[in-house]
Amino acid sequence: MENAIEVKGLAKYYSSFKAIEDVQFEVKKGEIFGFLGPSGSGKTTTIKILTGQLNATEGDAFVFGENVSVLKNPTARKRFGVLTDNSGLYGRLSIIENLQLYCKLYDLPTSKVDEALDFVNLKDAGKKKISTLSKGMTQRVNLARAILHEPELLFLDEPTSALDPVNTLHIYNGLRALNNRGTTIFLTTHDMQEADTLCDRVAFLHKGKIQLLDKPGILKKQFADGTVTVELSNNEKIVLRKDAEGAEEMFQLMKENRVQTVHSNEPTLGDIFVKVTGGELV
Amino acid sequence: MTFSWKRVNAIFQKDFKDFSRNIAVSIVIFLPIILAAIYGRMGLDSIQAHFLNINMTFAMVGTYVQCCLIAEEKEKNTLRGLMLSPASTLEILGGKSLLSFVLTIVIAFFCAYLSEYRPANITIVAIAIIISSVFFIGLGTLLGLIAKSVMESSVIVLPVIAVFSVGSFVTVWVEKYPILQIVEYLPNVQLIDLATKVEQGAGFGDIISNLAIIVIWTVVVYILTAVVYKKRMVD
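Residue numbers (our numbering), protein chains in the order written: chain A, 1 to 282; chain B, 1 to 235.
Simulated from the structure, these hints should not be mistaken for lab results.
Incorrect hints may have been included.
Unchecked claim - With a straight-line Cα cutoff of 25 Å, these simulated PhoX-like cross-link-like pairs (lysine-lysine) come out: (1) A:K237 with A:K209; (2) A:K128 with B:K17; (3) A:K78 with B:K230.
To be verified - A few chain B residues that don't get close to chain A, going by computed Cβ distances all over 12 Å: (4) V8; (5) F19; (6) I27; (7) L82; (8) V155; (9) S209; (10) L211; (11) I223; (12) V228; (13) V234.
Said to hold, decoys possible - Residues of chain B placed beyond 10 Å of chain A at every Cβ, according to the derived structure: (14) I11; (15) E73; (16) V102; (17) I127; (18) V163; (19) A202; (20) G203; (21) Y229; (22) M233; (23) D235.
We put the CB at the ideal spot given by N, CA and C, even for glycine.
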């Protein structure tokens, strides 16, 4: 499968501080790729380099097979959408007026505004001024702007960080629908649950370096501790290993009709991150 | 370099709506008109007096308003949004300058009308005013791109306004302090010189050097603006 993004030995230094170092990964076309890490791990730096907003100190980054410098060409910018923490909106204008501006800049019919507002669950709020919106609503308008032109490649920096659970779920469904229509999504987040729900593959970034990269399912199997938790009829919980000894014990408990539920002890992506990096997810 | 009038117009329309709701900046455009009305009633009828109003219009509307509009776009990160859109540098800067240009020309016209300035050769003066407007708007764009915030922009624009609106008064000390001859090459001073020559019956051939100096200032300002703009495209 063709790559939407290819990054080789990418590094960004601010004098002696290394924001990212020797970052290397590929994102396949049509994939939802999660770039995970705590605040300050280098996620936004990477997105900024990939969208041409920041020059790398070392290494190469390619988008659709061409060096990211091609994004200086305005026509090439039609192919991607960006949502970062510094995406700005015009506070004195309404949501609709903001989105209409971008419709015109992207040569789109203004009917696209309704579709985008529906995507972010803001259909009834279109006439509200940006300056009167909550942080979560502003984030949703920013997201609407990023997906307005249904880009081939969408960069999302913490897209649901300020959203409530209902709107988060709405956005997840929208992103999956967009992905099903062919949009590749590069998502940064420190929410491991979000990554697990949405991403085909994830990379763990810690202190500017990629520590681990694979499918969430594979990572969970790789880091599983090989035990199950058995809840007994007296509500007591016991942990059994998934080996011959554990099987015999389980057989005995089942024979005595003492087993209420059995849970596989798979680690979450958060558990794996902490295990690999020794760091906390904040 | 791509160019789409539709995109320029979209940015212009957005700026118009935004500006009309921004009382803090939009109120500034009335200052030159008030000054012109006072001068007109006082019966001041010299080229210096007429062009004090017009240069004030350039400085307040062309430079100050443009500087604030650009600085606000930068401060609120909306300029980065435009830079990441398919709009080219020319479309963004053209769209961002169009409102200031229209306002500057309209207000300069009203100032001339209120102060009862009737140029002997309207074509030459109109061309000079248009080129000067383009220069002052370019200067506003440059200062807006350099400033880190709207607050900072309104501070750094003040000395520039002082030099380019009332700098012509310094020419009275040129004989005493020859170093001040440099002031004679300011675009506002050149514009006054051009208007004075026009009142004395000068044609295009006689004022070409004045126009050329204003054009050189304009070209230099736009080259600097393009360089700073390219730098602002990346962090």
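Now for the hints, and whether the structure bears them out:
For the hint pairing K237 (chain A) with K209 (chain A), the CA-to-CA distance comes to about 39 Å; that exceeds 25 Å, so the pair is violated. Of the supplied pair hints, the one linking K128 (chain A) and K17 (chain B) holds, its CA atoms being roughly 15 Å apart against a limit of 25 Å. Between K78 (chain A) and K230 (chain B) the CA atoms are separated by roughly 19 Å; this keeps the pair inside 25 Å, and the hint holds. For V8 (chain B), the condition that its CB be more than 12 Å from all CB atoms of chain A is violated, with the nearest at approximately 10 Å.
The Cβ of F19 (chain B) sits about 9 Å from the closest Cβ of chain A, inside the 12 Å cut-off, so the non-interface label is violated. With a cut of 12 Å on Cβ distances, I27 (chain B) stays outside the contact zone with chain A, its closest approach being about 15 Å. Residue placement check: L82 (chain B) does not keep its beta carbon more than 12 Å from all beta carbons of chain A (closest about 7 Å). For V155 (chain B), the requirement that its beta carbon stay farther than 12 Å from each beta carbon of chain A is met, with the minimum near 22 Å.
With a closest Cβ-Cβ approach of about 39 Å to chain A, S209 (chain B) is found to remain outside the 12 Å limit, as its non-interface label requires. With a least beta-carbon separation of about 33 Å from chain A, L211 (chain B) lies farther than 12 Å from that chain, consistent with its non-interface assignment. No Cβ of chain A approaches the Cβ of I223 (chain B) within 12 Å, the least distance being about 19 Å, so the stated non-interface status holds. Interface exclusion of V228 (chain B) from chain A stands, the closest Cβ pair being 16 Å apart, more than 12 Å.
With a cut of 12 Å on Cβ distances, V234 (chain B) falls inside the contact zone with chain A, its closest approach being about 6 Å. The claim that I11 (chain B) lies off the interface is violated: its Cβ sits roughly 7 Å from the closest Cβ of chain A, which falls inside the 10 Å cut-off. Non-interface call for E73 (chain B) relative to chain A: violated, since the shortest CB-CB distance, roughly 8 Å, does not exceed 10 Å. Here V102 (chain B) stays apart from chain A, with its beta-carbon at least about 18 Å from theirs, past the 10 Å limit.
Under the 10 Å C-beta cut-off, the non-interface status given to I127 (chain B) relative to chain A holds; the minimum distance is some 32 Å. Consistency note on V163 (chain B): stated as away from chain A, and its beta-carbon is indeed over 10 Å from all of that chain's, at 32 Å minimum. The beta carbon of A202 (chain B) is kept farther than 10 Å from every beta carbon of chain A, the shortest such distance being approximately 44 Å. Remark: the non-interface label on G203 (chain B) is consistent with the geometry, its nearest Cβ contact in chain A lying 43 Å away (cut-off 10 Å).
Under the 10 Å C-beta cut-off, the non-interface status given to Y229 (chain B) relative to chain A holds; the minimum distance is some 12 Å. With 10 Å as the threshold on Cβ separation, the claim that M233 (chain B) sits away from chain A is violated: the shortest Cβ distance comes to roughly 7 Å. With a minimum CB-CB distance of about 5 Å to chain A, D235 (chain B) fails to clear the 10 Å threshold, and the non-interface call is violated.
Hint compliance for this structure: hints 1, 4, 5, 7, 13, 14, 15, 22, 23 are not met, and every other hint is.
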